[in-house]
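Peer 1: Could you build the full structure based on these sequences and the hints that come with them?
2 protein chains.
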Amino acid sequence: MEEAKKKKCVVRFEPSGLKIEVPVGTVLLGAANKAGIYLSSICGGDGYCGKCKIVIDQGQFQSRPTTLLTPSEMRENVVLACQTKVLSDMTVTVPRFHTLETSQILMDSDAQRISKLAGEVEAGVFKFDPLVQKLYLEMSPPTVQDHTADHERLYLAIRERADAPVMQTGFRILQKLSSMLQSCGYKVTVTIGRRGETTEVIEVEAGNHSDRNFAVAVDIGTTTVVAHLVDLTKATTIDTEATYNSQINFGDDYIRRIMYAEENNAFDEMQNRIVGDVNNLIVTLATRQKIDLQDITTVICAGNTAMVHFLLNLDARRIRREPYVASANFIPPIRAAKAGIKINERGLLYCLPSVAAYVGGDIVAGVLTTRIYTKKGISLFADIGTNGEVVLGNRDWLVCASSSAGPAFEGSGVKHGMRAGAGAIEKLIILGDGSIEFKTIGGTRPVGICGSGLLDTLAELFRVGVIDRTGRFATNDKYQVTEGEDGLQFHLVQGGNGHQEIVITQPDINNLVRSKAGVFAAIRVLMESTQIKTKDLEGVYLAGGFGNFLNVAHAVTIGMLPDVPVEKIHFVGNTSIAGAKTVLLSRKALKAAEKIAQSMTYFDLMSHPKYMDEFVRANFLPHTDLSLFPSVKLATEKI
Amino acid sequence: MEEAKKKKCVVRFEPSGLKIEVPVGTVLLGAANKAGIYLSSICGGDGYCGKCKIVIDQGQFQSRPTTLLTPSEMRENVVLACQTKVLSDMTVTVPRFHTLETSQILMDSDAQRISKLAGEVEAGVFKFDPLVQKLYLEMSPPTVQDHTADHERLYLAIRERADAPVMQTGFRILQKLSSMLQSCGYKVTVTIGRRGETTEVIEVEAGNHSDRNFAVAVDIGTTTVVAHLVDLTKATTIDTEATYNSQINFGDDYIRRIMYAEENNAFDEMQNRIVGDVNNLIVTLATRQKIDLQDITTVICAGNTAMVHFLLNLDARRIRREPYVASANFIPPIRAAKAGIKINERGLLYCLPSVAAYVGGDIVAGVLTTRIYTKKGISLFADIGTNGEVVLGNRDWLVCASSSAGPAFEGSGVKHGMRAGAGAIEKLIILGDGSIEFKTIGGTRPVGICGSGLLDTLAELFRVGVIDRTGRFATNDKYQVTEGEDGLQFHLVQGGNGHQEIVITQPDINNLVRSKAGVFAAIRVLMESTQIKTKDLEGVYLAGGFGNFLNVAHAVTIGMLPDVPVEKIHFVGNTSIAGAKTVLLSRKALKAAEKIAQSMTYFDLMSHPKYMDEFVRANFLPHTDLSLFPSVKLATEKI
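Protein chains in written order, with this note's numbering: chain A, 3 to 641; chain B, 3 to 641.
Note that these hints are calculated values from the structure, not bench results.
Among the hints, a few may not be true.
No distinction is drawn between identical chains; accordingly, a pair holds when it is met within one copy or between any pair of copies.
[What the hints assert, rightly or not] Within a straight-line C-alpha distance of at most 25 Å, the following computed BS3-like cross-link-like pairs (lysine-lysine) qualify:
#1 340 x 178
#2 178 x 344
#3 570 x 340
#4 377 x 570
#5 635 x 593
#6 87 x 36
#7 55 x 36
#8 189 x 480
#9 429 x 570
#10 570 x 10
#11 378 x 597
#12 189 x 340
#13 441 x 378
#14 53 x 189
Remember, predicted model here, so these are calculated numbers, not experimental data.
Peer 2: As structure tokens, then:
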């Protein structure tokens, strides 16, 4: 056995043609991983999500038995990569549905719009006062009459231009300061960064480089990582880029990833992955815009608490188990290089503060961006991702909770679900004759359904009576409901003729209903606890990566959001990145974010006595209590 | 020639027997240096101070011609080590006067007294509130009901015990915090350090170690480095130690050392020397007191501006040339390890702030210790070392200046001058019959004269009329004035019978008079500028390393200090280390020191129109203007 282990095999992945050499006995999912190939995987390799299907074209392998493959798949040599060991040189084919084309990821719904508008800062809500600034200072050199020391001279010059009562200089800067100042006649560009109440002299350079100061704002999602390149001198977004979070091989949700990391001692690897993703985005943006990495002085991240823990390799273990606590909610600014992020070696990394283990800086960013913390009236904010975080309140109080909604609206746990990428059905209507009209992202052949498409599908199936209030398929000849391997299913796209069959199955619908029920139950718990009625809601803000054509009315139809008039519902897209940029550009916005994070009251739903009841009650379309949804017209009254 | 260079010679130094192998052509001073042997040297190897005399016993050498050796010295193979090259294996003898016995250095006059009294802090002047503290915290672990994150939980617990509105945690601490807290049931010792307005979490350790928190206060003198080991939990001085500043080979004063470093690109070496000295002192103290270096969390240094620049390797070049500025007067606290100081790797290094290039943190410490900045009446403070720094003022204003007094009172530039070590004459009286009584440090055979002895000698010679008001020897049969190699000289100790001859020569007296004239001229400039008369002075504080038996009245007799009643003159010993310890033990004292440094007005004497006049007028005993010294009785009225 020891001898056998030493033998190496070459695995070739089609259609990319990528090859990797691995020891005999290596698990195929690991080999793919090592080759840099993305395979969908929700369970993180435990063998029960059935997502990591791959076709063996040639070679010897050993697979554990599984019930997750159909007889036809087995005949075609489809295996679960996580349950299959490599025994010889082999060739495998990665099915199309795994393919991620990062160039087609939706970055945020308003990426183009905000490319010229730096959010709240440009709008004058917050004063433009970026966290890291470059100042060009022309100082008088010291004379016998004016013998102020160089270090104090620099401070005086900075204080003429910036509000910096408490200052700090690193030892290395201090050591080089005098010769630097003398070499350039006391004309320098100084980079100052805000670290809490302290202003740090980050860098001193000869001459005027104050027009070259850039930052990258990053939304670290569990699935997608979005980066915006910002010109800090002009408060403009120059370019945007996104990629998939390459931790995805270790599980589609962060609880799974924490488990994986814990069991495999892989927290370092988890950090390397996300840091690598962020670095790749930065390099891509900088290269495209011909910007020297040295001129990028700031990175600001918004993400859920777990993602921030992974990024910084903080202990994330108790996020997934009692007592469900973070290592830190407020992360002090650190040298970006210390976390492995490759910008200016003295540049700073900021993370938006979290509220709790399940309510992160991305949600704080959402509250900041929607400004619900400043309004007199009551607002509701819901961010639908793998989890569904919900915030309720106004300028006087804010409560929040996180439902374990599950990633159904991100396409996971849904047979033909997929992320909002090329070929995803993002909009769907069932016409009166039972035919279907849809629109795919990029206008290409449909390959799956993304969040907004799934919301449409669920709402439309319910509207026309294909599914009943329990979400079960009603027998209805008008529509293409057939018996499939997982029970009844509805055909969105017929297979054959080069088209991939796309169906929505009973388990898919159950998952989607559970997701929306989780979100709505969270909303109900917050509203009941604060005695807020639906009519009290002055604004409902829905954030998330659904796709660009979200029909917000459908969110009410299926009972995900309270039944408020549609004009009160605002789809706000990626508020995580928008909030991160606002903070980046204004110290006052950072202070506001910190105040939001500090003042939000967190409701732990897992231990809340009413959450389970509310969840069960919400597991209907739109709800068991129809009086909560007076505007929803039912195709059928029967349960 | 290239061939010859490759050949190595062994130089043996007697009486120590130390050997060193060096290439042919090596300068003997450098060889001694490399062997770790101290040779007096003021000029730093330029060949004109004549201090580095050494005897060649055997071997070939090449010496440059010099006028600094007497014919008898030349006959005895005495050479200047800095002007002599090694051409073969050789044996040399290091004369006794070079010998420094570090175990006998005077640390400060009140080292014993303050060993139980932590200065102003113990006296209740400042609140005990050390710059670095260890707190033992027993926190409740988080629960589902109390889900405060670990980092915020720690902050809350710290804030219950310490005033710390603005806190900061390093990335490494943040990363290990959670697993640390869990491993020990949330019972930890946290080390907090004050960095300006910010309180840093320096270290977190499992269990209770709060009783092991030590600091070292260091007075970095140009000649002597003194260290006190302080128990930060009890505010007591545990032990003291001192050594010579091993930069001394590069010149006896710091101007010379800066020149040497500049010409030889030796700033790194200069730093290594002083850092090595500080480390040696720390290790000696820790070993003797059985203290783990990890439990030393703080080092605080007071020194002149140049010494602090050397310690931190800041650019010191313009301290010695126009416009005579420091790189930094206010040094932020830094990680001690960054400067190479070997205490706890996260421990902090503080430096007392300077006022200007020639008025350093040691003088600020003096003002703090004497408390002249709090008094209503006017005080004068003078610290006599290689330079003579002078401060005048009260609680409303402070002015200061530094005279280039020269190191005469430290024993340099005086034929038989020496530092206050074993065998130094530290007290001397000329009796009525012309005979001399003296006392040596350690009660051993006299080998030279230290500061207090030189002050006595000058005052006594003047009192009895051996020298006149110009400092010139008067012919007087009663006293042993003879013609020596340098002109007239006075015998303190006759040579022979195992005794070393000790004389004071006309050039010695000229040097001493110049030194005192420098100090007094500085005092005059400050007093004239502020229109303060001698009668306005309520207290005169004299600091320095003179020796333990300083006769302060003699400082008036020779015209070094203004003619105030003797009871107003206080010899305060080493106020540099006393002030450093006070700051170490109280944040308020640090703030006071910073305020002192900020508010003192510096007078640059070199560019002051009156200084030269005052200096010339003070080049008499006690002064040209006798009305300034009504109490001084003259042995003779003639000039």
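Peer 1: Decide, hint by hint, whether the structure agrees.
Peer 2: Results for each hint:
no.: 1; hint: 340 x 178; result: both (21 Å within a copy, 14 Å between copies)
no.: 2; hint: 178 x 344; result: both (23 Å within a copy, 23 Å between copies)
no.: 3; hint: 570 x 340; result: neither (44 Å within a copy, 58 Å between copies)
no.: 4; hint: 377 x 570; result: within (14 Å within a copy, 70 Å between copies)
no.: 5; hint: 635 x 593; result: neither (45 Å within a copy, 72 Å between copies)
no.: 6; hint: 87 x 36; result: within (14 Å within a copy, 66 Å between copies)
no.: 7; hint: 55 x 36; result: within (17 Å within a copy, 72 Å between copies)
no.: 8; hint: 189 x 480; result: neither (79 Å within a copy, 69 Å between copies)
no.: 9; hint: 429 x 570; result: within (21 Å within a copy, 94 Å between copies)
no.: 10; hint: 570 x 10; result: neither (61 Å within a copy, 91 Å between copies)
no.: 11; hint: 378 x 597; result: within (17 Å within a copy, 47 Å between copies)
no.: 12; hint: 189 x 340; result: neither (30 Å within a copy, 28 Å between copies)
no.: 13; hint: 441 x 378; result: neither (39 Å within a copy, 86 Å between copies)
no.: 14; hint: 53 x 189; result: neither (60 Å within a copy, 45 Å between copies)
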